[in-house]
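> Quick note, the sequences are listed as chains A and B, same order.
When you line the first sequence up against the numbering used here, it's residues 1 to 475, in that order.
When you line the second sequence up against the numbering used here, it's residues 1 to 475, in that order.
Bear in mind the hints are in silico, worked out from the structure with no lab data behind them.
Hints should not be assumed to be uniformly reliable.
When chains are identical, the list treats them as one kind, so a pair holds in a single copy or across two.
[Stated by the list, open to error] Calculated cross-link-like contacts (lysine to any residue; reagent style SDA-like; alpha-carbon spacing at most 25 Å):
1) Lys-189 - Ala-373
2) Lys-217 - Asp-47
3) Lys-189 - Leu-78
4) Lys-82 - Gly-242
5) Lys-391 - Glu-236
6) Lys-217 - Pro-149
7) Lys-217 - Ala-373
8) Lys-436 - Ser-167
9) Lys-82 - Ser-167
10) Lys-391 - Glu-422
11) Lys-82 - Asp-233
The lines below spell out each chain.
There are 2 protein chains.
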Amino acid sequence: MLKPTCAASAALLALALCATPSLAAEPFDAATLSTARALRERALADDTGYDLLRSLTTEVGPRLCGTPGDARAVAWALARLKALGFANVHAEPVRVPHWIRGTPQVEIVAPWKQPMVGVTLGGSVATPPEGIEADVIGVTTLGELALLPADAVRGKIVYFGNRMRRSASVASYGAAVGVRGRGAGEASKRGALGVLIRSVGTDDDRVGHTGGMRFEKDETRIPALALSNPDADLLERQLASGQPVRVRLRDDSQWADSAWSANVVGEIPGRDPRAGVVVVGAHLDSWDLGQGAHDDGAGVAIMTAAARLIGQLPARPRRTIRVVLFANEEFGLSGARTYARDHAAEAAGITLGMESDLGAYAPTGFQSRVTPAYLPVVHAMARLLEPLGVKHTGNEASGDADVGQLYALGIPVFDIDTDASEYFDLHHTPNDTFDKVDPAMVRLNTACYVTLAYLAAEYAPGLGRAPRAAPAAGR
Amino acid sequence: MLKPTCAASAALLALALCATPSLAAEPFDAATLSTARALRERALADDTGYDLLRSLTTEVGPRLCGTPGDARAVAWALARLKALGFANVHAEPVRVPHWIRGTPQVEIVAPWKQPMVGVTLGGSVATPPEGIEADVIGVTTLGELALLPADAVRGKIVYFGNRMRRSASVASYGAAVGVRGRGAGEASKRGALGVLIRSVGTDDDRVGHTGGMRFEKDETRIPALALSNPDADLLERQLASGQPVRVRLRDDSQWADSAWSANVVGEIPGRDPRAGVVVVGAHLDSWDLGQGAHDDGAGVAIMTAAARLIGQLPARPRRTIRVVLFANEEFGLSGARTYARDHAAEAAGITLGMESDLGAYAPTGFQSRVTPAYLPVVHAMARLLEPLGVKHTGNEASGDADVGQLYALGIPVFDIDTDASEYFDLHHTPNDTFDKVDPAMVRLNTACYVTLAYLAAEYAPGLGRAPRAAPAAGR
Numbered sequence: 001m002l003k004p005t006c007a008a009s010a011a012l013l014a015l016a017l018c019a020t021p022s023l024a025a026e027p028f029d030a031a032t033l034s035t036a037r038a039l040r041e042r043a044l045a046d047d048t049g050y051d052l053l054r055s056l057t058t059e060v061g062p063r064l065c066g067t068p069g070d071a072r073a074v075a076w077a078l079a080r081l082k083a084l085g086f087a088n089v090h091a092e093p094v095r096v097p098h099w100i101r102g103t104p105q106v107e108i109v110a111p112w113k114q115p116m117v118g119v120t121l122g123g124s125v126a127t128p129p130e131g132i133e134a135d136v137i138g139v140t141t142l143g144e145l146a147l148l149p150a151d152a153v154r155g156k157i158v159y160f161g162n163r164m165r166r167s168a169s170v171a172s173y174g175a176a177v178g179v180r181g182r183g184a185g186e187a188s189k190r191g192a193l194g195v196l197i198r199s200v201g202t203d204d205d206r207v208g209h210t211g212g213m214r215f216e217k218d219e220t221r222i223p224a225l226a227l228s229n230p231d232a233d234l235l236e237r238q239l240a241s242g243q244p245v246r247v248r249l250r251d252d253s254q255w256a257d258s259a260w261s262a263n264v265v266g267e268i269p270g271r272d273p274r275a276g277v278v279v280v281g282a283h284l285d286s287w288d289l290g291q292g293a294h295d296d297g298a299g300v301a302i303m304t305a306a307a308r309l310i311g312q313l314p315a316r317p318r319r320t321i322r323v324v325l326f327a328n329e330e331f332g333l334s335g336a337r338t339y340a341r342d343h344a345a346e347a348a349g350i351t352l353g354m355e356s357d358l359g360a361y362a363p364t365g366f367q368s369r370v371t372p373a374y375l376p377v378v379h380a381m382a383r384l385l386e387p388l389g390v391k392h393t394g395n396e397a398s399g400d401a402d403v404g405q406l407y408a409l410g411i412p413v414f415d416i417d418t419d420a421s422e423y424f425d426l427h428h429t430p431n432d433t434f435d436k437v438d439p440a441m442v443r444l445n446t447a448c449y450v451t452l453a454y455l456a457a458e459y460a461p462g463l464g465r466a467p468r469a470a471p472a473a474g475r
Numbered sequence: 001m002l003k004p005t006c007a008a009s010a011a012l013l014a015l016a017l018c019a020t021p022s023l024a025a026e027p028f029d030a031a032t033l034s035t036a037r038a039l040r041e042r043a044l045a046d047d048t049g050y051d052l053l054r055s056l057t058t059e060v061g062p063r064l065c066g067t068p069g070d071a072r073a074v075a076w077a078l079a080r081l082k083a084l085g086f087a088n089v090h091a092e093p094v095r096v097p098h099w100i101r102g103t104p105q106v107e108i109v110a111p112w113k114q115p116m117v118g119v120t121l122g123g124s125v126a127t128p129p130e131g132i133e134a135d136v137i138g139v140t141t142l143g144e145l146a147l148l149p150a151d152a153v154r155g156k157i158v159y160f161g162n163r164m165r166r167s168a169s170v171a172s173y174g175a176a177v178g179v180r181g182r183g184a185g186e187a188s189k190r191g192a193l194g195v196l197i198r199s200v201g202t203d204d205d206r207v208g209h210t211g212g213m214r215f216e217k218d219e220t221r222i223p224a225l226a227l228s229n230p231d232a233d234l235l236e237r238q239l240a241s242g243q244p245v246r247v248r249l250r251d252d253s254q255w256a257d258s259a260w261s262a263n264v265v266g267e268i269p270g271r272d273p274r275a276g277v278v279v280v281g282a283h284l285d286s287w288d289l290g291q292g293a294h295d296d297g298a299g300v301a302i303m304t305a306a307a308r309l310i311g312q313l314p315a316r317p318r319r320t321i322r323v324v325l326f327a328n329e330e331f332g333l334s335g336a337r338t339y340a341r342d343h344a345a346e347a348a349g350i351t352l353g354m355e356s357d358l359g360a361y362a363p364t365g366f367q368s369r370v371t372p373a374y375l376p377v378v379h380a381m382a383r384l385l386e387p388l389g390v391k392h393t394g395n396e397a398s399g400d401a402d403v404g405q406l407y408a409l410g411i412p413v414f415d416i417d418t419d420a421s422e423y424f425d426l427h428h429t430p431n432d433t434f435d436k437v438d439p440a441m442v443r444l445n446t447a448c449y450v451t452l453a454y455l456a457a458e459y460a461p462g463l464g465r466a467p468r469a470a471p472a473a474g475r
């Protein structure tokens, strides 16, 4: 554990508040730029990240918080960071929920009997052992449910049919995902017995997309499953017949006591212990159906590989590069929330946070979130990404799910946006496996992050503080 | 039942043997050609086939021989053929095997514990209730297994890793599929406890490809599963570590008594009862994991729609068009074999057989199998397919799996080859669902078959007899 003392924190805070950025056209000296370019080129020829991803998906695989796979992932990460020469490698304990997936059975029994493929949403409760059989009422969205009279829902299974739109932007996921988290709660309030949602995903594979859901305190807990898109189509075709459609579902998922997991941390120490740190993060946990390859083994691989390249430089960077592999992003952000809580006192000493958690796909842009005075520095950094085809696209970065918790502490954050067109074909499904990841994309993302991390670590005045904002939601 | 009498059969046989084709440059008169062109154009604007496919996949779905879905499919087909105005609609009983799929569990237990996704091969036997746990020996092909010393296999689980090559031609399936049918038998002979094969399929989805397998009489029956391609990759990555890889598998599949199914037949009666029939076929059964949309709901839809278009003509065709929807193609061709046995005596009265069983994809060519004297007639037929982008590519048609049984009786056959590049992504998996089928491709295939069926029905001299050959293998 490397925590600054309170005195050091105060000094760093003063530095962060008082420093003003260089307004010179080129804030970086030639040697720094030259090193950044060399790191960028090395990243494009280095398969450390891809090799790490192969190792994680082969030797660990699924690692949902609280499960044995999660514990194996923590052990794997500690061993790998040590083997790669990181300093201060340690685990920071995090309490995580432990939900145990059951084996769902879901079938249409009338008008035309057919089995369907569904997956239980994370946090759902079991049906009675004999299952639930009820007529289905189909709606598109939460808004449409709210317009129904209560007696249209009572005693029914509610089906939410909205289909996620394919898009390069993650915004289409944001527009579709609400029903996963709250569909069951809202249906339960109206007396529904169970909920089926169309998977929040863009593929036509016969696998469901899981993800977290939650009930408010006073809501009756009812089972909630996601149907694969082709099964949602089938259900809609039967509903379109105008005949009552009756579904039977059975599931034996259960909650266990919360468990211990850990954020895994490793550092490339900086040459100036008072200069603070640059945090590069990803989440170590994954949903349990796939191998967590794009989500977020890729982020673990990319950020670790980027930090290691800086660690291989003949000279240390000014600031420490700290890799944080967060526990349990998927099921409530407990790792990032614990990290933000435990490290709030040293927030002023964190110059920058970045996270990779949108798969190893082609970068489409670089967003920053700094006070405007620092934008010339950001633009100078961005110039080094342009040979990678990546432009600075705005100052609206969020830090994404985990590093967003640091942004909420006023820490500047950068996002590398990636082309999400194919990500939601795989996301939270059994198909999120190693074979889906293109090693060239791992290298390209690593090149972006290593360039930014190094420049942020070297730039003496730092990046100031970011305007505070609400933390981003989980993905 | 419309069966010619023996006397009629003899007359037809004499006709078939004695008739010689017209050697005129254009064997068809202008009215026939005009009607054929009109049928072709109508097919391109007619969604009867697609609507049938929607109905079959929505109202029946999976229909493996011997299961309740199979019986529902027979009832569906009888009702639909009647509703579409076919004559002589009837079921011809077929005895079929009845195998009941279990719920397989397969996991790597060492060196790195991970679950795998596998499906039981049709005809496999259960493991003991406690499962089988053994070290894995990996080979690529049956040939490679044969080279191993017996003690390398005894007590092991054999894994066959050959990956099917993606290709527009079905030949790459033929090259890969042998291991599915005989991998378990050959491994069992050498003392293996169980078999895993890499799915015979070209996708990277986390679903296995099922299909039939068989044991010779004296072989010990051992369980056989197909791993999804990503799981086969995972197993190979663990094997590549050089450490012993131990797998546990459990399955409770079982055999039941054989059951009754049926070939479903409907006719568009010809105007000359002595002129014989043109058989257009597809198989009604499907594997149990998907909806049997491409395999072979599409064929059922295409052939039924083609025959119906001829039935809607103001005048009857010379010959009867007979739709035969075969029982159980998938698990031993019992429907086609029963049909060929029961109708052998009227073989001389069957002018032509055609089958659609390679999915609703773009036609890539038209193959015939006639004696060379009839090729000018075939070429004249082919000229009407050219506006559809389909050329006559040879005289090597097989009739495929079911109609191949008619070809074995000397009946001429035509094949429309289709682009199989994507077919084996879905084939025998849960992903063979309605949404994967392009209605334009259903129409295009219907246009090909209706043109050929009509011209063959009208051409007075018929197409002679085909050289006999061994029946094609199942698909």
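> Which hints, by number, does the structure contradict?
1, 2, 3, 5, 7, 9 and 11
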